[in-house]
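K.L.:
Note that the protein sequences, when read in sequence, are chains A and B. If you read the first sequence in the numbering used here, its first letter stands for residue 86, the second for the next number, and so on. If you read the second sequence in the numbering used here, its first letter stands for residue 15, the second for the next number, and so on.
For the record, the hints were derived by calculation from the structure and aren't laboratory data. Some hints could be false.
Label-pair restraints from in silico Cβ distances [unchecked claim]:
hint: 1; chain 1: A; residue 1: K322; chain 2: B; residue 2: A103; range: 31 to 39 angstroms
hint: 2; chain 1: A; residue 1: D470; chain 2: B; residue 2: D127; range: 31 to 39 angstroms
hint: 3; chain 1: B; residue 1: S114; chain 2: A; residue 2: N287; range: 55 to 63 angstroms
hint: 4; chain 1: A; residue 1: D151; chain 2: B; residue 2: F54; range: 57 to 65 angstroms
hint: 5; chain 1: B; residue 1: D127; chain 2: A; residue 2: Y283; range: 46 to 54 angstroms
hint: 6; chain 1: A; residue 1: Y253; chain 2: B; residue 2: D127; range: 43 to 51 angstroms
Facing chain A, a subset of chain B residues (Cβ under 7 angstroms, in silico) [said to hold, decoys possible]:
hint: 7; residue: I48
hint: 8; residue: Q107
hint: 9; residue: L109
hint: 10; residue: G119
hint: 11; residue: M121
hint: 12; residue: G122
hint: 13; residue: P124
hint: 14; residue: L126
Since this is a predicted model, take the numbers as computed values, not measurements. Ideal Cβ positions, reconstructed from N, Cα and C, are used throughout, including at glycine.
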Amino acid sequence: MNLQLPALAPRLDVTTQAFFRFRQVGKKVLITNYEGFWALLTPEEFERYATGTVQPGTPLHQRLTDNNFFKATYDTRKAADRLWQRRQALTQGPNLHLLIVTLRCNESCVYCHASRAGMDQVETDMSRETAERSIDLILQSPNPNLTIEFQGGEPLVAFDVVKHAIAYANEKNKTAGKQLEFTMVTNMSLMDEEKLEYLLANRVQLCTSVDGPEHLHDGQRKLPGASAHMAATKWIKRINQAYADRGLDPTLYRVEALLTTTRDSLPLWKEIVDTYVDLGCRALFLRPVDPFGWVDKTARRVEYPREDFLEYYRNAVDYMVELNLKGVQVLERYAAIFLSKFFGNDPNFLDLRSPAGAGIGCLAFNYDGKVFTCDEGRMLHEMGDSSFLLGNVTGSSFKDIVSHPTVRSMVLASNLDGQPDCINCTYNPYCGTQSTHNHKKFGSVFGRARESTICAVHKGIQDYLFERISTDDPKVLDIFQKWTTSRPRTHFLQPPTA
Amino acid sequence: MNHTITTQLSNGTATFSVDPSLYPLDALYGAAYIFIDRCFVFLDKDEAGRVVVSLSPKKGPADEPTLQSWAGEFGNELLSCAWRHQISAQNRQVLEQVTSLALAGAMGPPSLDDLSNFDFSSQPLEDPLGIAMSWEEKYKKKTPAAAAGTPAVAAPEAVKP
Ligand code: SF4
C-alpha cells in the first residue's frame, strides 16, 4: 500500500482537523498531534480524515475525538496535561551526575567510549578533594532526586575514591536532604568479596557490559591474561544471588548489563539475546556504536550502515517478543522507552527527549575537576575538543555551570520544534537528538537530522514498533504494555540521614 | 540552466556562487562557519550580486572528491540553516519559553547566597509617573509646602479637593 496523496489533493479539506503529522507505517497511516496522541488508520480511514468526511457517531470519529484530532472538539486541558507530562522534568534540574573517578582501565575495548588510560597512569585518578568539591556542587542541584554514577576508566581501579565520595556525599546530604542514589558502571574484573560487601551494604546499584556470547565479548573487550566475559558473568550471577539472599525481589533487583553493537554483533542477534536470558538478565539495551572514544580510530572495524543495525534490531526484538510469548520475561530498553512515550508515560530518558538532558538533566565531573555537559562532551575533551567544558569544581558555581552559554545553545539546538525535518516528523513528540553527536558529525550542535545516524536509528525503531502495534495482535500489545511498566527500585535509595 | 548554486573545482579550490534572494545572509554565515575547521572559507560578491563562496584546503592540495564533498555538504548545510532560520522565526515563542523553563529549572530558585550577593545599594529606578507608588502615597492630600514641589506630571485632578 502506498499513500496516494496527489490523488487525494483535490479533495483535501483542512478545516476540520486539529494540527497533525502523518506517516505511512506498514499497511496503515500513523497520525500524531503536537502533544503526542496518536492513531493508526487504514488508508480509507485516513482518506476520510484528510477529506473531512468522517461521520460523527462512528467509531472512527470517536477514536479521533478521544485523541484530540478534531478542531471542533479539541480539548486544550487534555493537551496541556499530556504536554506537561513530557515537559515537567525540564523544571527540575540535573538529576544524573557522572563522577569519573579515574581514566585508568584494565580492559581495552575496540569501541572504548571512555578514552581510557593505562593502569600506570595514576595521575588520572580523581583526588579526594576533587571528589568532595564535585559532590558539593552536585548537592546544589535543585532536583530533589540525585543519582551519582561512578564511571571510569574502570571505577574499581580507584575504589578508595569511590568509598570516600560515598561517605562524603552521605555526610553532606544530612543537610542537603536529597533522595540520593549511587550507581557504578564496572567491567567487574577487579571485583572481590570485600568490595562487593561494601557496595551491597551501601546500596550501590551495579551495571556492567556484556556484549553477547563469550567469543564476541572477548573479541572486542580485551582483559590481559583472562576472559573479560567470564569475569563479568561470574560476578553478575554472584551479585544476583546476593540480592536474593538479602530478600530482595529477584524480578526487580538484578545487575543491569549494557551492550555496544559492533559490526561483529549484527549476525549474532539470537546468541546475544540468549546470552542475556541465560544470565538471568531481564533487559537488553541494543545500542549502536557512537562516534566517540576510540570508535573514530577503529571505525573500519566496528562501524556499519544503520539499515544493517535496524535489521539486527528487528530480528532481536521479534525474537524477544517470541520468548515473551513463551513466558520468558526479557525486554529491549529502546523499545520500552519509546513505548512508554507512545502510551503517555514519558520516562525522561535524557538522550531521548526534547530538549535533551545534557547540562540541564545531567553533568559529568571529570577526574581532574573539569565539568562537562555530559559524558560524550567529556569524551570529546579527551579527544582534544573542549567545546562542552562548562567549568571547574574549584572555580565555578553550580549556577555558572548550568547557565553556561554552551548549555543554552544545546537546549535550543536539541529542541525538535526548532529543527528542520523534526518539525514535520510524525515522531517529533517522542524523539530526541544529541548535540554532542551533531557537533562531532556535522560541526554544529544542530546537525542535520536527515543525514544523522541517530535519526535513522530512532526513526527505524519507531517505525518497527508502530508496525507491530498496527497488526493489533492482543498478545503483542499486552507484552508491549508490560514493557512500559516501571517499578521503582527503592532499595537503592540511600536511607534518610537527617 | 540557471543553478542556484554553481560549483567550480579549480586550483584546488571549490567555488560556488549562491543566489542571495533564496538564502538569508544569516544562513550563509551559519553554513560557512561550520567549515572553518576543515578549510579556509572566503565570502565575496560578484557583479551580478551573487554571493561567491570559496573553500580551499588549509594544508596541501585537496583532491577532487574532497572538494566535491565540501561543496555538496555546504549546499546541504546551507539549506538546513535557511530552513532552521525560518522555523526559529516562526516558533520563536515556544522555543524561548521551553529554553527559559529548562534553564530556570536547572538553576533552581535564588539561594540565600544569591540574595546576599545582590547589590541593594544601587538607586531605585526612576519613576516619574509614580507607577511604583501606592495609591495613598500618590494621591494623598499634600501640605501646601509639599504641593509646591508636586511634579508637573502628577495627575492634576487627583490633588483637587
Ligand atoms: S530525529 Fe529523526 S526520527 Fe526523530 S523527530 Fe527528528 S526527524 Fe524524526
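K.L.:
Indicate, hint by hint, whether the structure satisfies it.
P.N.:
For each hint, the structure was consulted:
Checked against the hint of 31 to 39 angstroms, the C-beta distance between K322 (chain A) and A103 (chain B) comes to roughly 58 angstroms, which is inconsistent with it. Look at D470 (chain A) against D127 (chain B): about 33 angstroms separates their beta carbons, and that is inside 31 to 39 angstroms. About 39 angstroms separates the C-beta atoms of S114 (chain B) and N287 (chain A), a value inconsistent with the hinted range of 55 to 63 angstroms. For D151 (chain A) and F54 (chain B), the Cβ-Cβ distance of about 58 angstroms falls inside the hinted range of 57 to 65 angstroms, so the restraint holds.
Look at D127 (chain B) against Y283 (chain A): about 35 angstroms separates their beta carbons, and that is not inside 46 to 54 angstroms. A hinted range of 43 to 51 angstroms for the beta carbons of Y253 (chain A) and D127 (chain B) is inconsistent with their spacing of about 21 angstroms. Against a cut-off of 7 angstroms between C-beta atoms, the interface hint on I48 (chain B) holds, since the closest Cβ of chain A lies about 4 angstroms away. At about 10 angstroms, the closest approach between the beta carbon of Q107 (chain B) and any beta carbon in chain A exceeds 7 angstroms, and the interface hint on this residue is violated.
The beta carbon of L109 (chain B) comes within 5 angstroms of a beta carbon in chain A, closer than 7 angstroms, and the hint placing it at the interface holds. Interface restraint check: G119 (chain B) against chain A, minimum CB-CB distance 4 angstroms, threshold 7 angstroms, status holds. Look at M121 (chain B): its Cβ gets to within about 5 angstroms of chain A, closer than 7 angstroms, so that hint holds up. Taking 7 angstroms as the C-beta cut-off, the interface hint given for G122 (chain B) holds, the closest approach to chain A being about 3 angstroms.
Contact between P124 (chain B) and chain A, as hinted, is not supported at the beta carbon level, the nearest pair being about 9 angstroms apart and thus beyond 7 angstroms. Given the 7 angstroms rule on beta carbons, the hint for L126 (chain B) is violated: about 12 angstroms separates it from the nearest Cβ of chain A.
Of the numbered hints listed earlier, those contradicted by the structure are 1, 3, 5, 6, 8, 13 and 14.
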